[in-house]
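Asker: Sequence:
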Amino acid sequence: MEDREIIGLYLARNEAALTETAKKYGRMVRSVAYGILKNEADSEECENDTYLSAWGSIPPQRPTSLGAYLGRIARNAALGRLEYYAAEKRSRVLETPLDELGDIASGSPTPEAELEQAELSRLIDAYLRGKSRAKRVVFVRRYWYCDPIGKIAREQGYSESKVKSMLMRMRNELKIYLERNGIKL
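If you read the sequence shown in the numbering used here, its first letter stands for residue 1, the second for the next number, and so on.
One thing to keep in mind: the hints can contain errors.
For lysine-lysine, the following DSBU-like pairs were computed, each having C-alpha atoms within a straight-line distance of at most 35 Å [as the list claims (entries may be wrong)]:
(1) 162 to 38
(2) 151 to 184
(3) 131 to 175
(4) 151 to 23
(5) 184 to 135
(6) 164 to 38
(7) 23 to 135
(8) 164 to 131
(9) 151 to 175
(10) 175 to 23
(11) 38 to 24
(12) 162 to 131
(13) 184 to 38
(14) 184 to 24
(15) 162 to 135
(16) 135 to 175
(17) 24 to 131
(18) 131 to 23
(19) 151 to 131
(20) 23 to 38
(21) 164 to 175
(22) 164 to 135
(23) 175 to 162
(24) 38 to 135
(25) 162 to 151
(26) 24 to 162
(27) 151 to 135
(28) 184 to 164
(29) 184 to 23
(30) 184 to 131
(31) 131 to 38
(32) 24 to 164
(33) 151 to 164
Just so you know, the hints here were simulated from the structure itself, not pulled from any lab data.
Make a model of the complete structure from these sequences and hints.
Answerer: What follows is the structure in structure tokens.
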């Protein structure tokens, strides 16, 4: 079923939208959550949370890309669960690839920080547009989908050391790029 048809089901408040969403995007949603949480049960809960959130937000939202919309919801749900486990130092060892970007993408929840986050997002997008498709794929797979370096290397046909080196260089270049564009790190 096409995205526009699935969105039409959401807009009509037809529960078949959830079934169709799970058929088409279930694997992707679980993969996004698992990439962050590394736990099957938590990933399944995030998948269910994603469907519930989509049901509650469509309408009024009408996403142009249902896959991207669900991916963002799943990622935020997984990061929220990760934050929950870390907040009270629950008995889990949780480390994400986002920690690698910690020096670049840290901040506080003030209005100024929110504006800076929007600008940071715009600048990262601009930075990535200037990179080759291969580098963009590696960067996004690592820092958006939180894929392990070994998986990225296998699927892109690179050695793990090449992926690590590519990511390190891109982080360093990104830091310099952001500083040149007025982002204080």
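Asker: Hint by hint, which ones does this structure get wrong, listed from lowest number up?
Answerer: Violated hints: 10, 14, 29; rest satisfied.
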